[in-house]
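Novice: Listed below, chain by chain, are the residues.
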Amino acid sequence: MKRSHYLVGALGIAALIAASSASVTIAQTPAPAAAVTFHKDVEPILQKNCQSCHRPGQIAPMSLLSYQAARPWARAMKTKVVAREMPPWFADPQHGKTYSTDRSLTQADIDTIATWVDAGAPEGDPKDAPPAVVWPKDGWSIQPDVVVRGPSFKVPARPPSNVIEWTTIIVPTGFTKDTWVTSVEIKPSDLQVTHHICISFQPHSEDILYYTPFWNDKTRDDEGVEIKPNPATASTGAPRINPVQQRERSPNGVGGAPAPGNAAVGGGFLCYLPGNQAFDYRPFGAGALIPAGYDISIAQHYTPSGKEAVDLPQIGFTVSNTPPKKRWVTTQAGGAGNGFAIPPNEPNYLAPPGELEFGANAELVMMMPHMHVRGRDMTYTVVHPDGRKEVALSVPKYDFNWQMQYVLSNPVKVAPGTKLHVEAHYNNSTTNKYNPNPNRWVYPGNMTWEEMMSPFFGVIVDTETDPTTVFRRGAVNNGGGE
Amino acid sequence: MIRTRLRTRLRRGRLGIVTVLAVAVLCTAGLAAQGAGTQPRPGVPVEKPAIDPSQEIVAIGCLVKEGDNYELRNSAVLIRPWVAPGLKPDTVGTPAPSPSKTVFRLMHKEGLDAHVGHKVEIVGVIQPQTANVPPSPDTIVRPGTGPGTASAPAAAGAQGASGAQGSAEQPRFVPRLNNPELDNKPLKMVSTSCP
Numbered sequence: 006m007k008r009s010h011y012l013v014g015a016l017g018i019a020a021l022i023a024a025s026s027a028s029v030t031i032a033q034t035p036a037p038a039a040a041v042t043f044h045k046d047v048e049p050i051l052q053k054n055c056q057s058c059h060r061p062g063q064i065a066p067m068s069l070l071s072y073q074a075a076r077p078w079a080r081a082m083k084t085k086v087v088a089r090e091m092p093p094w095f096a097d098p099q100h101g102k103t104y105s106t107d108r109s110l111t112q113a114d115i116d117t118i119a120t121w122v123d124a125g126a127p128e129g130d131p132k133d134a135p136p137a138v139v140w141p142k143d144g145w146s147i148q149p150d151v152v153v154r155g156p157s158f159k160v161p162a163r164p165p166s167n168v169i170e171w172t173t174i175i176v177p178t179g180f181t182k183d184t185w186v187t188s189v190e191i192k193p194s195d196l197q198v199t200h201h202i203c204i205s206f207q208p209h210s211e212d213i214l215y216y217t218p219f220w221n222d223k224t225r226d227d228e229g230v231e232i233k234p235n236p237a238t239a240s241t242g243a244p245r246i247n248p249v250q251q252r253e254r255s256p257n258g259v260g261g262a263p264a265p266g267n268a269a270v271g272g273g274f275l276c277y278l279p280g281n282q283a284f285d286y287r288p289f290g291a292g293a294l295i296p297a298g299y300d301i302s303i304a305q306h307y308t309p310s311g312k313e314a315v316d317l318p319q320i321g322f323t324v325s326n327t328p329p330k331k332r333w334v335t336t337q338a339g340g341a342g343n344g345f346a347i348p349p350n351e352p353n354y355l356a357p358p359g360e361l362e363f364g365a366n367a368e369l370v371m372m373m374p375h376m377h378v379r380g381r382d383m384t385y386t387v388v389h390p391d392g393r394k395e396v397a398l399s400v401p402k403y404d405f406n407w408q409m410q411y412v413l414s415n416p417v418k419v420a421p422g423t424k425l426h427v428e429a430h431y432n433n434s435t436t437n438k439y440n441p442n443p444n445r446w447v448y449p450g451n452m453t454w455e456e457m458m459s460p461f462f463g464v465i466v467d468t469e470t471d472p473t474t475v476f477r478r479g480a481v482n483n484g485g486g487e
Numbered sequence: 002m003i004r005t006r007l008r009t010r011l012r013r014g015r016l017g018i019v020t021v022l023a024v025a026v027l028c029t030a031g032l033a034a035q036g037a038g039t040q041p042r043p044g045v046p047v048e049k050p051a052i053d054p055s056q057e058i059v060a061i062g063c064l065v066k067e068g069d070n071y072e073l074r075n076s077a078v079l080i081r082p083w084v085a086p087g088l089k090p091d092t093v094g095t096p097a098p099s100p101s102k103t104v105f106r107l108m109h110k111e112g113l114d115a116h117v118g119h120k121v122e123i124v125g126v127i128q129p130q131t132a133n134v135p136p137s138p139d140t141i142v143r144p145g146t147g148p149g150t151a152s153a154p155a156a157a158g159a160q161g162a163s164g165a166q167g168s169a170e171q172p173r174f175v176p177r178l179n180n181p182e183l184d185n186k187p188l189k190m191v192s193t194s195c196p
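So the sequence lines, in the order shown, correspond to chains A and B.
Residues in the first sequence are numbered consecutively from 6, following this note's numbering.
Residues in the second sequence are numbered consecutively from 2, following this note's numbering.
Hints may be right or wrong, so weigh each one.
[Said to hold, decoys possible] Below, in silico cross-link-like pairs of lysine-lysine (DSS-like), each with a Cα-Cα straight-line distance of 27 Å or less: (1) LYS132(A) - LYS83(A); (2) LYS110(B) - LYS186(B); (3) LYS110(B) - LYS159(A); (4) LYS186(B) - LYS102(B); (5) LYS438(A) - LYS85(A); (6) LYS394(A) - LYS331(A); (7) LYS120(B) - LYS66(B); (8) LYS120(B) - LYS110(B); (9) LYS159(A) - LYS186(B); (10) LYS186(B) - LYS120(B); (11) LYS89(B) - LYS182(A); (12) LYS102(B) - LYS182(A); (13) LYS89(B) - LYS142(A); (14) LYS142(A) - LYS132(A); (15) LYS438(A) - LYS402(A); (16) LYS89(B) - LYS330(A); (17) LYS102(B) - LYS189(B); (18) LYS66(B) - LYS102(B); (19) LYS312(A) - LYS159(A); (20) LYS66(B) - LYS186(B); (21) LYS89(B) - LYS331(A); (22) LYS402(A) - LYS424(A); (23) LYS159(A) - LYS102(B); (24) LYS120(B) - LYS189(B).
Think of the hints as simulated: they come from the structure by calculation, not from any bench.
Quick caveat, the model's predicted, so the values are computed rather than measured.
Please put together the full structure from these sequences, using the hints given.
Specialist: And the structure:
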């Protein structure tokens, strides 16, 4: 993934630098009284739609917190917003859903920025500026009440085949009493090398090995691709391991997703991914319980950058002294199961759909599609018990570099028997500019040049609801590939 | 003009060796400074992050000598989560050691000999881990060994399917682990025996 990620990043930065070089020629003339100015017109837009990423410590390469910081990028800002490349947003609006995480600009906002740039990007009167937003310190998205240090990880400059296998490390939470958390953020220190960090919570076992990385040295070919059964074998259901089986087979009791009984602990399976935000349960009056003494299982995936790096991840929480009325549960609707095999040069491969059945009343609140660089689109459809179908999210142009949470402004209520059906397509042809090799079969795997189908989603349920009853696990099409 | 004069002085050996050394030192310092990147500069205060959980842990376990190296085994681990100012320090409970089978390799050997076989308490910082270490008997998880391995698979062919290019016996993956290394401070003895 990083290859494409870097390519996109490099091209983007080059474009921005080129554009900003041009912008220095923009006249620094004072604005006419009624003209569009930074403080009066543009800064409110930046605060609402841009600064959450464009500030120090966040993923964006430059800050837009002040006129001085934003001014050199004026021309690039216009280019990106007019093209609707920024702010990134990929949900198809035609299904009538709105999302609280939607930071896309209205046409009026775009026109304002374009007019401001065309007028010479005037600063205007600082007295017109809206009150500065007080962002959390040190690059956090939430202002955490409690922070636990994750395991620091040394990322080599150039490992063999440029592969660092997924590594799982268990650390204590340090929580010695039952604690309701109301948001969780996983914050790597080095975003350049961090592909993902996923966490789940597990009951403590006295034979655990803390801070001890566990990984599998896999047999890989020259392209770093894990050697898999041939397509014929795969399509007939060659045995694959799912995350739960992997957990049971691992020497430290670790794996990817939490065991079913722990799916709701701390909110479930939570990930830092490029472009992803914190998991914030507060807008729904929800929380997640972390029982005393539980441990954190941290699955880390790093991608070498050609320069040795050390990542120092932290996990932040906001906490509540009283149990919230609602409980948050994150899981995924299936995965790249048996039969997932993308033929060479296939531009529109439909993966085996993921499907999950609800066993309790719940509200679907968040969806987060995850695929790799051949991912093309993903659609979440709620199939109600009466057969009515409701598209909760359609992402027609998936972009690996922006794996965001789509948080519904109006949650979808689901009753027992409702199914969540997820379909995804993949483009393994030359028309996919991120495709590293269109001439080979592609199977589920951990590396970005392999594939995944992970339709993550979050629901809220009444706190009294037994979290183990929310999903009917037997109905989950999850053959692995997480 | 200046270049010519310098060349002449160099040729005549009149440019003192001290000058040459000084230039060399300055160049080296300049290069080092370039490489230092964000390293703190003397006299310039470093802004401390507002949210800065301690990197130190407390490990209580049995001190064992393996060849020239020392290990702390069966270590109970205590961490102290960072708690925001204004909240009660025991917001998530009072810190307590969590029992485990963790084996820490200890970086500093001074004063350890006298406590081999003792239960000791050590404060330290865990060194950055990595998954890119050559296979060795210490890092390959052998079938049926290690904690929680009642159902641990044999390494060979553990995931069932063999590689398309390989035989059925060829391993698809080899489970590995790597014991953490602790930058340890002087220890505190807990008892003269280890359970």
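Novice: Is LYS394(A) close enough to LYS331(A), meaning Cα to Cα at most 27 Å?
Specialist: holds (26 Å)
Novice: Holds or violated: LYS89(B) and LYS331(A), Cα atoms, limit 27 Å.
Specialist: Distance of about 25 Å is within 27 Å: holds.
Novice: Please verify whether LYS89(B) and LYS330(A) have alpha carbons no more than 27 Å apart.
Specialist: holds (23 Å)
Novice: Run the distance test for LYS120(B) versus LYS189(B): straight-line Cα separation, threshold 27 Å.
Specialist: holds (9 Å)
Novice: Between LYS142(A) and LYS132(A), does the CA-CA distance stay at or below 27 Å?
Specialist: holds (25 Å)
Novice: Is the hinted pair LYS186(B) and LYS102(B) satisfied, with a Cα-Cα distance of at most 27 Å?
Specialist: Holds. LYS186(B) to LYS102(B) sits at ~21 Å (cutoff 27 Å).
Novice: Below or equal to 27 Å on CA atoms is what counts here, so check LYS402(A) against LYS424(A).
Specialist: Roughly 24 Å separates the two Cα atoms, so the pair holds.
Novice: Below or equal to 27 Å on CA atoms is what counts here, so check LYS110(B) against LYS186(B).
Specialist: Holds. LYS110(B) to LYS186(B) sits at ~10 Å (cutoff 27 Å).
Novice: Going straight from one Cα to the other, do LYS66(B) and LYS186(B) come out at no more than 27 Å?
Specialist: OK: LYS66(B) and LYS186(B) at ~17 Å, within 27 Å.
Novice: Between LYS89(B) and LYS182(A), is the straight-line Cα distance small enough, at 27 Å or below?
Specialist: Holds. LYS89(B) to LYS182(A) sits at ~13 Å (cutoff 27 Å).
Novice: Are the Cα positions of LYS186(B) and LYS120(B) separated by 27 Å at most?
Specialist: holds (15 Å)
Novice: For the pair supplied as a hint, LYS120(B) and LYS66(B), is the alpha-carbon distance within the 27 Å limit?
Specialist: holds (13 Å)
Of the numbered hints listed earlier, not one is contradicted by the structure.
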